[in-house]
Amino acid sequence: NYTLFIDQTPFNNLFDDYQAKTQKNTNGFLVERVVDEGKKDIVVSKINKELFGQSNFKTELSKRLNYFTFLHQIKKKRIFSIFLLGGTGLGKTETAKIINNALNQENKLVKINFGNYTSKDAVNSLIGSPLGYVGSNEGGELVRKLKNNQSGIILCDEFEKADKSVAYFFLELMEDGSFTDSKGDEHDLDGYIVIFTSNLNKQKYFSTIPPEFHTRL
213 NYTLFIDQTP FNNLFDDYQA KTQKNTNGFL VERVVDEGKK DIVVSKINKE LFGQSNFKTE
273 LSKRLNYFTF LHQIKKKRIF SIFLLGGTGL GKTETAKIIN NALNQENKLV KINFGNYTSK
333 DAVNSLIGSP LGYVGSNEGG ELVRKLKNNQ SGIILCDEFE KADKSVAYFF LELMEDGSFT
393 DSKGDEHDLD GYIVIFTSNL NKQKYFSTIP PEFHTRL
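With the numbering used here applied, the sequence shown corresponds to residues 213 to 429, in that order.
Calculated from the structure, these hints are not laboratory results. A couple of the hints might just be wrong.
The calculated BS3-like cross-link candidates involving lysine-lysine, where the alpha carbons are at most 30 Å apart (straight line), are [what the hints assert, rightly or not]:
#1 236 - 270
#2 332 - 320
#3 320 - 252
#4 320 - 289
#5 359 - 288
#6 275 - 261
#7 236 - 275
#8 373 - 416
#9 414 - 359
#10 373 - 323
#11 275 - 258
#12 289 - 252
#13 359 - 236
#14 275 - 320
#15 275 - 287
#16 270 - 289
#17 252 - 288
#18 309 - 261
#19 289 - 373
#20 373 - 309
#21 373 - 233
#22 275 - 288
#23 332 - 395
Just the calculated beta-carbon pair ranges, DEER-fashion [said to hold, decoys possible]:
#24 422 - 298: 17 to 25 Å
#25 241 - 422: 30 to 38 Å
#26 298 - 232: 28 to 36 Å
#27 380 - 328: 13 to 21 Å
#28 428 - 360: 25 to 33 Å
#29 423 - 283: 18 to 26 Å
#30 416 - 240: 36 to 44 Å
Yeah, the Cβ is synthetic: ideal placement off N, Cα and C, and Gly gets one too.
Produce the complete structure using the sequences and hints provided.
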């Protein structure tokens, strides 16, 4: 006895279109994200039109965004994360800028250069020093930039240079979809895109970036 599967339906077609709940930053401003109604198609269209070359990436991005919006709908994945590898001038940062403009063209891209995050207390520079320590009232770079951000995308540049503690911070962020800063305030990044970039080649990537990271991308 056997059963023959003779047809298939893309899994995202099995569910009605949905509109994600609106998202606000800690200052109360609405944040436009790829999971919001109509935004995914705008992102894909702008990438196809404005990013020079990279046809394989464009095809893969469109497919993966479809997967992500479905997984977000059924609460299985909260953040869409990409790791772009390659030398200078190939369009890694430009990709993030195009997506940012597709989501909210008046909003400045949240970009963090992780060449500055090599020390053991690098996470404090991101989310703020513990209360009572120098700089605890100012908040970290990520916290400051997210406060007024109205576009659901973060660019993490030169990520391979960051201390390992930063990689593990982002592992938790990609899993939970949120983080708590040094003041105890929670930042919900549900539906965000996080783009990591590096000049590493493929071989160096696998030997440098923690293995746990690979499955989150």
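Do the hints match the structure? See the list:
Among the hinted pairs, residue 236 with residue 270 is consistent with the structure: their alpha-carbon atoms are about 29 Å apart, no more than 30 Å. For the hint pairing residue 332 with residue 320, the CA-to-CA distance comes to about 29 Å; that is within 30 Å, so the pair holds. Annotation: proposed proximity of residue 320 to residue 252 holds, straight-line Cα distance about 19 Å (limit 30 Å). At most 30 Å may separate the alpha-carbon atoms for a hinted pair to count; residue 320 and residue 289 meet this at roughly 26 Å.
This hinted pair checks out: residue 359 and residue 288 have alpha carbons roughly 26 Å apart, not beyond 30 Å. As the CA atoms of residue 275 and residue 261 are separated by approximately 17 Å, the hinted pair is consistent with the 30 Å bound. At most 30 Å may separate the alpha-carbon atoms for a hinted pair to count; residue 236 and residue 275 meet this at roughly 27 Å. Using a Cα cut-off of 30 Å, the hinted pair residue 373 and residue 416 holds, with the two alpha carbons roughly 12 Å apart.
The suggested pairing of residue 414 with residue 359 is violated, with an alpha-carbon distance near 34 Å, which exceeds 30 Å. With a C-alpha separation of about 15 Å, the suggested pairing of residue 373 with residue 323 holds against the 30 Å cut-off. Between the alpha carbons of residue 275 and residue 258 the distance comes to roughly 15 Å, so the proposed pair stays at or under 30 Å and holds. A hinted pair counts as satisfied when its Cα atoms are at most 30 Å apart, and residue 289 with residue 252 qualifies at roughly 16 Å.
Distance restraint check for residue 359 and residue 236: the Cα-Cα separation of roughly 10 Å lies within the 30 Å cut-off, and the hinted pair is therefore satisfied. For the proposed pair residue 275 and residue 320, the alpha carbon gap of about 27 Å is at most 30 Å, so the pair holds. For the hint pairing residue 275 with residue 287, the CA-to-CA distance comes to about 19 Å; that is within 30 Å, so the pair holds. Taking the CA atoms of residue 270 and residue 289, the gap is about 21 Å. The hint holds against a cut of 30 Å.
About 18 Å separates the Cα atoms of residue 252 and residue 288, which keeps this hinted pair within 30 Å; it holds. Proposed proximity of residue 309 and residue 261 is supported: the alpha carbons are some 13 Å apart, at most 30 Å. Between residue 289 and residue 373 the CA atoms are separated by roughly 27 Å; this keeps the pair inside 30 Å, and the hint holds. A hinted pair counts as satisfied when its Cα atoms are at most 30 Å apart, and residue 373 with residue 309 qualifies at roughly 22 Å.
Among the hinted pairs, residue 373 with residue 233 is inconsistent with the structure: their alpha-carbon atoms are about 35 Å apart, more than 30 Å. A hinted pair counts as satisfied when its Cα atoms are at most 30 Å apart, and residue 275 with residue 288 qualifies at roughly 17 Å. With a C-alpha separation of about 20 Å, the suggested pair residue 332 and residue 395 falls inside the 30 Å cut-off, and the hint holds. For residue 422 paired with residue 298, a C-beta distance near 20 Å keeps the hint of 17 to 25 Å intact.
Checked against the given bound of 30 to 38 Å, the beta carbons of residue 241 and residue 422, roughly 34 Å apart, stay inside it. Roughly 31 Å separates the CB atoms of residue 298 and residue 232, a value that falls within the hinted 28 to 36 Å. For residue 380 and residue 328, the Cβ-Cβ distance of about 18 Å falls inside the hinted range of 13 to 21 Å, so the restraint holds. The given range of 25 to 33 Å is respected by residue 428 and residue 360, whose C-beta atoms sit roughly 27 Å from each other.
The hinted range of 18 to 26 Å is satisfied by residue 423 and residue 283, whose Cβ atoms lie roughly 22 Å apart. Against the hinted window of 36 to 44 Å, the Cβ-Cβ separation of residue 416 and residue 240 comes to about 42 Å, which satisfies the hint.
The structure shown violates the earlier hints numbered 9 and 21.
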